[in-house]
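With chain A's structure known, arrange chain B on it following the hints.
Read top to bottom, the protein sequences are chains A and B. Take the position in the first sequence, starting the count at 1, then add 2; the result is the number in this note's numbering. Take the position in the second sequence, starting the count at 1, then add 57; the result is the number in this note's numbering.
It should be emphasised that the hints constitute simulated quantities derived from the structure, not laboratory data. Take every hint as true, because none was put in to throw you off.
Below, computed lysine to aspartate or glutamate pairings styled on EDC-like, alpha-carbon distance capped at 20 Å:
id: 1; chain 1: A; residue 1: K59; chain 2: B; residue 2: D155
id: 2; chain 1: B; residue 1: K106; chain 2: B; residue 2: D152
id: 3; chain 1: A; residue 1: K59; chain 2: B; residue 2: D152
id: 4; chain 1: B; residue 1: K106; chain 2: B; residue 2: E128
id: 5; chain 1: A; residue 1: K85; chain 2: A; residue 2: D61
id: 6; chain 1: A; residue 1: K59; chain 2: A; residue 2: E71
Taking CB as the label site, the calculated pair distances span:
id: 7; chain 1: B; residue 1: R169; chain 2: A; residue 2: I53; range: 41 to 51 Å
id: 8; chain 1: B; residue 1: G65; chain 2: A; residue 2: K16; range: 33 to 43 Å
id: 9; chain 1: A; residue 1: L29; chain 2: B; residue 2: T108; range: 11 to 21 Å
id: 10; chain 1: B; residue 1: R169; chain 2: A; residue 2: K11; range: 26 to 36 Å
id: 11; chain 1: B; residue 1: P136; chain 2: A; residue 2: S24; range: 39 to 49 Å
id: 12; chain 1: B; residue 1: S127; chain 2: A; residue 2: F14; range: 44 to 54 Å
id: 13; chain 1: A; residue 1: L29; chain 2: B; residue 2: E121; range: 23 to 33 Å
id: 14; chain 1: A; residue 1: T81; chain 2: B; residue 2: A74; range: 43 to 53 Å
Computed from a prediction, not measured in an experiment: that's the story for all the values here. Just so it is clear, CB atoms sit at the ideal spot from N, CA and C, and this is done for glycine as well.
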Amino acid sequence: DGGITQSPKYLFRKEGQNVTLSCEQNLNHDAMYWYRQDPGQGLRLIYYSQIVNDFQKGDIAEGYSVSREKKESFPLTVTSAQKNPTAFYLCASSVTSGGNIQYFGAGTRLSVL
Amino acid sequence: AQSVTQLGSHVSVSEGALVLLRCNYSSSVPPYLFWYVQYPNQGLQLLLKYTTGATLVKGINGFEAEFKKSETSFHLTKPSAHMSDAAEYFCAVSDRNDYKLSFGAGTTVTVRA
Numbered sequence: 003d004g005g006i007t008q009s010p011k012y013l014f015r016k017e018g019q020n021v022t023l024s025c026e027q028n029l030n031h032d033a034m035y036w037y038r039q040d041p042g043q044g045l046r047l048i049y050y051s052q053i054v055n056d057f058q059k060g061d062i063a064e065g066y067s068v069s070r071e072k073k074e075s076f077p078l079t080v081t082s083a084q085k086n087p088t089a090f091y092l093c094a095s096s097v098t099s100g101g102n103i104q105y106f107g108a109g110t111r112l113s114v115l
Numbered sequence: 058a059q060s061v062t063q064l065g066s067h068v069s070v071s072e073g074a075l076v077l078l079r080c081n082y083s084s085s086v087p088p089y090l091f092w093y094v095q096y097p098n099q100g101l102q103l104l105l106k107y108t109t110g111a112t113l114v115k116g117i118n119g120f121e122a123e124f125k126k127s128e129t130s131f132h133l134t135k136p137s138a139h140m141s142d143a144a145e146y147f148c149a150v151s152d153r154n155d156y157k158l159s160f161g162a163g164t165t166v167t168v169r170a
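Bound-form chain A, shown alone (with noise of 0.2 Å):
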């Protein structure tokens, strides 16, 4: 089936420990994105890639980096810089042309110890 896949689904972080949260698409998309959402907020654009080797920072990119050496591989180190990283981290992907739909995979939950 053709999908997203996030992993793990619940990942727990030390004081001062980078962790990374795994996104892989089979769909053949070109872009693709990470959220944080928190509770009453909707969600947040972390970053973003358009094409392999290439990305852009999002609304709140700090703390938070990514790599794109595969089509079908995006993923998020959540650094020690950020310090307040509990949240639902959702991962997308989309062909780039303007009107598309983004699909989403099943989300990590990440939290502080």
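Same frame as chain A, but now just chain B:
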């Protein structure tokens, strides 16, 4: 960047009653418009979208939305609520020359038996 306002963070309806969720956007140029639904601890799923043409758009699960340019609105309705409609709903917009989405803060729907 587009601004999206969803009026009412929580809506409670009786089973069988009308569901009305409000969404207004900020652009003077009609954007692409979307409604997504999110069930607890899951990703987002597209309900419907408007790109061009007929202003009344029908989506999945009996939902529909009407684009009103004069009111810069894209309200979501369902004539008769079902218990399975309990979820969080997000309105999203993108500029016609862009593929990124801006999301509203979301509206949580509860359905009373």
